[in-house]
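**Student:** The residues making up each chain are set out below.
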Amino acid sequence: MSIFRNRTTTAALVAVAAGALTLTACGGGSDSAAKDNSKQKEDAKAQSKPVQIGDAKASTGPAPEVPGAKAGGTANVYQEADFSHLDPGQIYVSDGKLLSRLIFRGLTQYSEDDQGNLTVVGDLATDAGKVSDGGKTWTYTLKSGLKDEKGNPINSADIRHTVERLYSSYITDGPTYLQQWLSGAGTTYRKAYAGPDKGKHLPDNVLETPDDKTIVFHFKDAQPDLPQMLTMPGYSVVPEETDTKEKYDNAPVAVGPYKIADFKPGKSMKLVKNTQWDPKSDSVRHQYVDGFNIEMNHDDEDQTKTLLADQGDAKNTMMFTGQVATTQLQAVVSDKAAMKRTIQGYAPYVWQLNFNMDRVKDKKLRDAITLALPSASVFKADGGAYGGEVANSLMSPTTPGYDDKYDPFNRSKKPNGDIAAAKKLIDEGGFKGKKIVYAYGNTPVRQQQAVLIADALEKIGLDVQKKEIDSATWYEQVGKVKNGYDLYMTGWGQDWPSASTVFPPLYDGTTIQDGASNYSHINDEHVNSEIARIVKITDTAEATKAWDALNKYITEKVNPAAPIYYTKVFQIFGSNIGGIRYSSDSSYVDVTRIFLKK
Amino acid sequence: MLQFLIRRTFGAALILLLISAFTFFMFFAIPQDPALLACGKNCTPDALAIIHKNLGLDSPVPVQYWNFLVGIFAGRDFAVGHCAAPCFGVSFANNQNVWDTILDRFPLTLSLTVGSLLVFLTLGLGAGLLAAKYRGTWLDKTFSSASLVISSMQIYFLGPLVLLALVYSTGWLEKPKYVPFSEDLGGWFMGLLIPWVVMATIFTANYTRMSRSSMIEQLQEEHVKAARAKGMSSNYVFFRYAWRGSLIPIVTILGIDLSSLLAGGMVTEFTFGLAGLGRLALESVVNKDLPMLMGVMLVSAALIIVFNLIVDALYAVIDPRVRLS
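As given, the protein sequences belong to chains W and G, one line each in that order.
Just so you know, we're using our numbering here: the first sequence kicks off at 1 and counts up by one.
Just so you know, we're using our numbering here: the second sequence kicks off at 1001 and counts up by one.
No wet-lab data here; the hints were simulated from the structure.
Careful, some of the hints might be misleading.
[What the hints assert, rightly or not] Below, computed lysine-lysine pairings styled on DSSO-like, alpha-carbon distance capped at 27 Å:
#1 G:K1177 to W:K598
#2 W:K364 to W:K557
#3 G:K1177 to W:K264
#4 W:K273 to G:K1177
#5 G:K1053 to W:K480
Kindly generate the complete structure, drawing on both the sequences and the hints.
**Tutor:** Given below as structure tokens:
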């Protein structure tokens, strides 16, 4: 998914997004380990293998104990902004995802080991799903004894309701995969069904609930990724009896180990134990702490300073989606004791420089610009070694199929660009003096990066016209088909660990329209047909191989966007917070296993 | 007095109406669509149209403005429920009732203002009077120099320094936080102590300088000299004649400072991670949250008008020569 604005955050763009097979560097470490990018790459390689599918046994609770874990106490959480949404159907960003892991449950969820390997297991369902009809039909059976926080039993009607309400007009901000797979691409699914408010249901040949415990999805095409897709918080259950429609976004009902006891929008949220949650029904989550006190309005700088100082109540305090502030990086990495309280890893985002292929039509020119890009300098403006890393590919190290040896633009040897090679292409193509309109957001980071990029492009003889755009409307502006710009940076990360959530939205030419995420307007027949073919492959290993091949074709034969840098996450915690581990699923801390040491 | 109040109240209503109209129509002049914030990825024109309808942005702007005005006096119905008068609408960002949110944020802002006010008025006026009384002495020089240095500081500079010294480095105090007065008096006091001290330090410096210069000016006035010549005691003349006269410019500035503090100490709230009206105002601008923006703007404007009205009335109390009519 792209890096969108959080609805209630402050000015800057914030990294969002659910899902990610990110990796690496569980809890703590020395500063040397923190600086060891090669180690992180090794972890990335190990973990970018396809996600495993767990069986019924792996889906059965309780979750294995976390070594040294103790029960009791309240963990404090610092957050910069309020949660964008509390209605599961509207949740699509990371802060909501972390909260949802504590209070909501869906049909499936990820189980993660200490190396960051992910396995899809049943959450409310007994397993990750039974597939039939060549991948077009999926059947789920609910576990016994499931209840919401009010004690109401959860049955198949609640799952049906959860799916059907996603078609309602008030659900606009969440993921749309399931609706589109069931009822049509784009927004056509809304025309097929308007939601359950008038008593109508989806037809049985789309969604079937033959008994209280069974749910059957019937898709038009094979959907091999369904178990992973259903782990998204947007598909967490909303029990029918408790659904208050629009009002649900302010007061949702919990099914997970914690429930909301008090919520002051924009200020704080208090979570307490949900006594209706049965640990025997959950193979992943724990309920070690008595609750969480979440305080908003603490920016990264404030969070870092407080947690680094580790005084008083800060010892029991943790980050959710906060990160070590770039201004505090040196203070943190030079403090060996503090580094033991940190986690770090790759986030799923790849920042790329999109070519508007309606305007930059010559591939030789696109290759020249790609070769000239000073990637190393560009990512240093965005947090340095702890904020990113030079990207050698359009695929993230966190995506299954990522090939760390694949380096078509020689980024490993020329991380700051190969001006000589680029100049040669410019001369060959006769592009010297060509006017190029480079658009960038009006944030300090993007402004610094714009200077570096424009400088490099001018060195190869291009006439760069810089165009500054309000960052608040960045994706609206560059998302227009006739946007008037030649080059612009965008970020994208997977929704779950599969290239199927990266290549179709970014490179499928059939999706081009205002607001769509094919920002380069690439419309290549081979790419389009391959995307249509690969998304239907049910064998994960075969699909992964096919995505890798398509990645190489797109990069070498089309080059719609130049890879610049991968993003990383770096977090710090209070000294009394136990169980901290980087989550490959959320790209942030794994909140399901937090405890207080004393 | 009554005529004065009636005239000013009508004037205030007209000003608030103009501010509301200006803010509302200017909002739509900005080329940014609040619906985009709720549109998720792949925000197609179809998806945007649904959100426009949900937010009530599909009606003509004058109709939307009229509905807004009606809501203030008669309340309105929204998908999330009825919004009783005074209804400023429901936030685009989180569906919360705007008026309830303002009422929720106001106690923090009021606490910040009142606490710092008590400190900076006591210390600032006291130091200014002492400096004026002992003009030219080491005491005057010390107060004058210190106030000059401190008044050049800003909250965003002094605040982090104090946090570093008292919270991050030593752990002597907890980070500032707001605990309602009614829940825990000690927690309320300790939670706001640092912001009060920082705000008061900067304001104290300003009021010391202002109070000193105003007092010195008053002490040069003919009526003060005449009082002294009549044989009245030095202290009596100082407080009964000079101090009273010196308060007029101070009350004027205090009215402006108070209204802006109550309207939202944006910098203070951001420096200390607190959520009052100032943060709410900024968030509403960033989030293109028109209902919240309108609510905060109108409440802030009303506070400024009310305090200006009080200041005007106080002139007559302080200086009998002033006639409100």
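**Student:** Look at each hint and say if it fits the structure.
**Tutor:** Hints, one by one, checked against the model:
no.	hint	verdict
1	G:K1177 to W:K598	holds, 24 Å
2	W:K364 to W:K557	holds, 11 Å
3	G:K1177 to W:K264	holds, 14 Å
4	W:K273 to G:K1177	holds, 25 Å
5	G:K1053 to W:K480	holds, 22 Å
Figure legend: structure checked against the earlier numbered hints; every hint is met.
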